[in-house]
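Novice: Heads up, the sequence shown is in UniProt numbering, so the first residue is 1 and it goes up one at a time.
It cannot be assumed that every hint is accurate.
Below, computed lysine-lysine pairings styled on BS3-like, alpha-carbon distance capped at 27 Å [said to hold, decoys possible]: (1) Lys167 to Lys287; (2) Lys235 to Lys172; (3) Lys235 to Lys287; (4) Lys287 to Lys216; (5) Lys287 to Lys172; (6) Lys31 to Lys104; (7) Lys140 to Lys31.
Ranges of calculated distance between the beta carbons of each label pair, as one might list FRET restraints [stated by the list, open to error]: (8) Leu303 to Arg138: 26 to 36 Å; (9) Asp188 to Ser249: 23 to 33 Å; (10) Asp23 to Leu210: 46 to 56 Å; (11) Gln204 to Ser249: 21 to 31 Å; (12) Arg89 to Asp208: 19 to 29 Å; (13) Lys140 to His47: 36 to 46 Å; (14) Ala62 to Asp208: 42 to 52 Å; (15) Thr179 to Gln94: 37 to 47 Å; (16) Asn145 to Ala62: 19 to 29 Å; (17) Ile141 to Gln204: 39 to 49 Å; (18) Asp164 to Glu65: 44 to 54 Å.
Worth flagging that the hints you see were computed from the coordinates, not collected in a lab.
From a predicted model like this one, the values you see are computed outputs, not experimental measurements.
Note that beta-carbon positions come from the ideal geometry of N, C-alpha and C, so glycine has one too.
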Amino acid sequence: MTIQGDPYLVATVTPFDNRRALDFYLVAFQKVIDRHDVFRSAFFWEHLSRPVQVVLHHAPMAITEISLDTADGPISEQLAAQFNPHESRINLTQAPLVQAVIAKESNGRWVLLQLMHHIIGDQYTLTQAMAEVRAVLRGKIETLNVPLPFRDYIAEIRSGPSDDDHKRFFTKMLADIDTPALPFGFSDVHHSGADATGSLLLPQDLSDRLRGHATKTGVSVARICHLAWAVVIAKTSGQERVVFGTIFSGRQRAGAGGSTMGPMVNTLPIRVDVMDAGIEESLHQIKSDISALMEHKNAYLTLAQRCS
Numbered sequence: 001m002t003i004q005g006d007p008y009l010v011a012t013v014t015p016f017d018n019r020r021a022l023d024f025y026l027v028a029f030q031k032v033i034d035r036h037d038v039f040r041s042a043f044f045w046e047h048l049s050r051p052v053q054v055v056l057h058h059a060p061m062a063i064t065e066i067s068l069d070t071a072d073g074p075i076s077e078q079l080a081a082q083f084n085p086h087e088s089r090i091n092l093t094q095a096p097l098v099q100a101v102i103a104k105e106s107n108g109r110w111v112l113l114q115l116m117h118h119i120i121g122d123q124y125t126l127t128q129a130m131a132e133v134r135a136v137l138r139g140k141i142e143t144l145n146v147p148l149p150f151r152d153y154i155a156e157i158r159s160g161p162s163d164d165d166h167k168r169f170f171t172k173m174l175a176d177i178d179t180p181a182l183p184f185g186f187s188d189v190h191h192s193g194a195d196a197t198g199s200l201l202l203p204q205d206l207s208d209r210l211r212g213h214a215t216k217t218g219v220s221v222a223r224i225c226h227l228a229w230a231v232v233i234a235k236t237s238g239q240e241r242v243v244f245g246t247i248f249s250g251r252q253r254a255g256a257g258g259s260t261m262g263p264m265v266n267t268l269p270i271r272v273d274v275m276d277a278g279i280e281e282s283l284h285q286i287k288s289d290i291s292a293l294m295e296h297k298n299a300y301l302t303l304a305q306r307c308s
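Assemble the whole structure, with the sequences as input and the hints as a guide.
Specialist: This is the structure in structure tokens:
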């Protein structure tokens, strides 16, 4: 979907006082890889009827050492620029989908850049992996919980609604949508894969009013934000029936598997009709629609898109 690079790569840069400390970290991270099958997974799709995930018994992390000159700038910045996710890729057929690049600074310190693909983990996975690395470094690996196989989570997903059930649900939601609601008419969403992040801190008074209104109407602030975003899209696209993506976490109802490492997030479309309904009526409709959508949170996005 992108011309170069991969927007689903995550790069982290970590400095170390010396090579010994770096080596200890790399060994610890390999132990984490060895513990969790999702880290030892490769993915294949070419010439297959559907993609498959293959778990290897052992998957050594690729470690590449390169030489950089501090005269060209800080080593950490050079590494980040050279292995920018917007220009780098990871072969999804070669596990683990975590790679390490190391470089030595002139003062004897070392810098590590790690690339990890989001197909094997969400933010929880990243956080938990680092917690396990710290436990290994402290010699406390025996205190870690026994890893839960990611295949158990997959089995739970497959025991839910079928693809036909998903198709009926999204067809009912999207069948009469034939024109996308494009803010300002912008449609080239896959041009370079580059991302842009913006943030706006709401004034305390407005934040308090939002929470107060959420309590009064019996909906969450997140539902209010969904309605607000729908209004923004409607105003900037000229459409009254808008469809946009919302993100679901599979950990909310994963039971004991909620602590499993792996990608447990999904993006699905939600429809909001921005017409003459009042705010409270619209909020309760969104609340109802999201509750219904939760039952199909594991549907393929491509399946849902084909239903419009």
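Novice: Output the indices of the hints that this structure fails to meet, ascending.
Specialist: 8 and 12
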